[in-house]
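Asks: Between the sequences and the hints, there should be enough to build the whole structure, so can you do that?
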Amino acid sequence: MNGPIVRLFGVIVLLFALLIVFTSRWTVFEAAKLQNNPLNVRTLLDELQIKRGQILAADGTVLARSVPAAGNTWARTYPTGPLFAHAVGYSIATKGEAAGLEESAAPYLRGLQTGLSSIFGQLSPRPVGDDVYTTLDPNAQRAAQQALAGEAGSVVAIDPSTGAIKVMYANPTYNDNGANPGAGCGAKDCLVNRVTQGQYAPGSTFKIVTATAAIDSGMYTENSVVNGNSPITVSGVPLSNDGDQSWGPQTLTTAMTYSINTIFAQVAEHVGRATMTKYMKRFGFYSKPPLDYPSGQIGISQPWSSTTGKPFPPGSPDEDIGRIGIGEGGLLVTPLQMAMVASAVGDNGTLMTPHLIARVVDPDGVTVKTINPTVYSHVMKPSTAQAVTRMMEKVVEEGTGITVQMPGVTIAGKTGTAQIGPSGSNLTQPAFVAFAPAQHPKVAIAVMVDESNGGYGATVAAPVAKAVLRVLLSEGQ
Amino acid sequence: MRARNRELIGLIPASLLVTAGFAGVFIQRQNALSNVSLTYGALFLGLCIAAHIFIRITLPHADPYMFPLVAVLASFGLVMIYRIDATLARQQAQWFVLGLILFAGTILLFRDYRKLEQYRYIIVIVSLGLLVLPRLPGIGYAANGAYLGVRIPGLFVFQPAEVSKIGLVIFLASYLRDTRQVLVQGGRRFLGITLPPLKQFGPVIVIWGLAMAILVVLSDTGSSIMFYGGLLAMLYVATNRLSFVVIGLMAAAIGFWYLGTHIPHIHARVETWLHPLNPELYHAPLGSYQVANALFAQAAGGLFGEGFGRAALTLPNGGVLLPAPQTDMIYAVITDELGLFGAAAVLITYLLFVARGFKTAMLARDSFSTLLAVGLSAMLALQVFVIVGGVTRVIPLTGVTLPFISYGGSSIVANLVLVALLLLVSDRARRPA
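Residue numbers (our numbering), protein chains in the order written: chain Y, 199 to 675; chain B, 1342 to 1774.
No wet-lab data here; the hints were simulated from the structure. The reader is advised that the hints may include incorrect statements.
Stated by the list, open to error - Taking lysine to any residue pairs in the SDA-like style, the calculated list, with each CA pair at most 20 Å apart, reads:
no.: 1; chain 1: Y; residue 1: K231; chain 2: B; residue 2: N1658
no.: 2; chain 1: Y; residue 1: K479; chain 2: Y; residue 2: P509
no.: 3; chain 1: Y; residue 1: K293; chain 2: B; residue 2: P1657
no.: 4; chain 1: B; residue 1: K1700; chain 2: Y; residue 2: V211
no.: 5; chain 1: Y; residue 1: K249; chain 2: B; residue 2: A1653
no.: 6; chain 1: Y; residue 1: K231; chain 2: B; residue 2: I1353
no.: 7; chain 1: Y; residue 1: K249; chain 2: B; residue 2: L1656
no.: 8; chain 1: B; residue 1: K1700; chain 2: Y; residue 2: L212
no.: 9; chain 1: B; residue 1: K1700; chain 2: Y; residue 2: N200
no.: 10; chain 1: Y; residue 1: K249; chain 2: B; residue 2: R1651
no.: 11; chain 1: B; residue 1: K1700; chain 2: Y; residue 2: V204
no.: 12; chain 1: Y; residue 1: K231; chain 2: B; residue 2: W1614
no.: 13; chain 1: Y; residue 1: K293; chain 2: B; residue 2: L1615
no.: 14; chain 1: Y; residue 1: K293; chain 2: B; residue 2: V1661
no.: 15; chain 1: Y; residue 1: K293; chain 2: B; residue 2: A1653
no.: 16; chain 1: Y; residue 1: K231; chain 2: B; residue 2: H1616
no.: 17; chain 1: Y; residue 1: K231; chain 2: B; residue 2: A1653
no.: 18; chain 1: Y; residue 1: K231; chain 2: B; residue 2: F1645
no.: 19; chain 1: Y; residue 1: K249; chain 2: B; residue 2: H1603
no.: 20; chain 1: Y; residue 1: K231; chain 2: B; residue 2: V1735
no.: 21; chain 1: Y; residue 1: K293; chain 2: B; residue 2: V1735
no.: 22; chain 1: Y; residue 1: K231; chain 2: B; residue 2: L1615
no.: 23; chain 1: B; residue 1: K1700; chain 2: Y; residue 2: K231
no.: 24; chain 1: Y; residue 1: K249; chain 2: B; residue 2: N1658
no.: 25; chain 1: Y; residue 1: K231; chain 2: B; residue 2: L1618
no.: 26; chain 1: Y; residue 1: K231; chain 2: B; residue 2: Y1630
no.: 27; chain 1: B; residue 1: K1700; chain 2: Y; residue 2: P447
no.: 28; chain 1: Y; residue 1: K293; chain 2: B; residue 2: L1644
no.: 29; chain 1: B; residue 1: K1700; chain 2: Y; residue 2: R205
Replies: Quick look at the structure:
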């Protein structure tokens, strides 16, 4: 009977080999798939057991930290709450939900989990994440919060020479503490970060882009004279200046100073779709700004077709380039994009990549990563930037932007007041875009307000910008 | 070296394992090495040495590797259970002591185990009767949809299948010893296949029916596969006719297919086996939650595991993440904490034990002894296959225990009796003529 016994043992060896094969299948070959299965709460449990690092403001103010929770887990708390809610976001591991920096900086906050350390899991201690220092300035952020109180809108301030974002505040905001962030914020979606996701009509603030395209392409100078009579016909439809004022022949500088629509519409038409589109792309339009922020929470700035309800393809022959040149024609932008426009002009034509993270520090206090400024694009020649700067200085000196004047500081700015709502309604979207000090700017800022009943960029948005600029410019002196 | 000295040396790894294992769990728990771990190790070693001395006196020629292999598995199981629940580990240690007493009792009572043959019909009737108990109202209970246990309130809980498997093996070994010649010679050739004579094959068909009945009435896939597989293994060794095995497998396949597609509760178990990650089945009562989380636990283990005491078994709110970690799912916990390598080491330890059992069968001088050793070893191997196969999704999951490792009194006691019988066979086989 020995023959059958040996063969039977062979069968049992095969059966056990099958067990080892299947164990290998789950532990190695399909492990990643199983770990990513939404039904698998272990990944979540692991997540809960990681002590995520802190998120801090530039001055060390704690914006997010981990506190011990039930059953050896950690929960997140946000000491500054609504003030930084949009920038910081939230992380609710139990639901697998995250937003803001909590989402985009998660690899740092959770500690770097390399593939090797996940295989040799037992060799590494329970992970403690790294701290993330942001570029955000709590004093200026608070000034933005106070100045914008009561208005739906957003404020964003960038250091033009580095791309560091100093202020990112949107109203309405929400409390990112608790299990249901944004619960009970009413009809307006307070979870929307208007700075990066808001879709505003830029109105006349877009004339900065038109002026840049006109001058940098060599077709115009700041002193080129264009007839500013009103109304004129643009794309077959009459276009008027504010108050239907006919200005007669005026320089581009004057047209910028007093925001003469008919002149800039003619300039944009003359510069043409191709050139306008080229410069818009250089400023960052038509694509998501490469911000260290969740891509799903960043909007694109581009013109939209009212007939199809979709964005125009870049340079589409169907777009009304004349009206786009004055910030109309279906053009919708994010405040971040307009701050990038100001930043590029202020930094001699170079657009720095905007960023929120300054550096990453490990639990031992060692800086493991520093975010160095990088160039996003060379938008225009320095000479063009100088010319546009001079035009924008005039706006604040004697034009529509005199409301932001501050003693001892030259500010380069541009107002915008887009008409929204049905024709004949009084509703506007006031905006103000600026950088200061004009010659060596420390700050580029964009303020955009959702809705005003007859208010102007100069009267509604510019004072908010002024309050934030005052704080930012007074620092470090 | 003499056999018994080899056995004594073989116990050293077991005692080291239990000491190191407890130390590991303690360090993980309290960041400190308590001398309790050494006490556990010493106590366990003491028990094993007592058993060894007993074997030395009563069965001087028995296989020297079998008992150390069992000690390694049992000590490893004790550590795993301790890591899951310290109270259960104390109970398991008590069951281990009781098991060793019955182990000694079996050896003393059945020095000549061949007298078991006289009682074969009583044994088989009692075994079958035990199997039905879980379905009786009042004392039987269901776990995970299968009727596996008997509970006498306030007294004890036990799983009759653990005991029945030994009884069935004794009966079959005796029955096949008598009929093996007739089965082979009385067979008729048909289309080149030897068909067994119906009269002698009758009891075998009865066991096929039994396996199917277990499946339908008790919903116990595991015991069904175990008993039927054990039967085929013994039948093959007894007759050396592959055709019998093939016919048997085909009959089982048809039976399983029919029941799996026509009996709703068995079909449901097949569904959870095939689609454990289907969200609907996952959230359904008696659905695939357990199987799915067994797979997730293994995925968390990887090659080397997360380390002793690190597998997640409960949720932060106190809920259950991995149901039945100390019994059905212990293999998943082992894989989670010790990885593929740890799990493979456990399986190979079982394989070594089975190899010793088969070696004993080959050395045995009479057919009954051979068939008994083959049956007991194969049954143990199949039990491992059934539960590990269930946890790793090779077959539908049924709650049988992982022998010597899982928590469970009836399991550890019955399996120690099984080892006692194997050692008895081995002692007789290896005794110098």
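Asks: List, from low to high, the hint numbers that the structure doesn't satisfy.
Replies: The structure breaks hints 1, 6, 13, 19, 21, 23, 27, 28; every other hint is satisfied.
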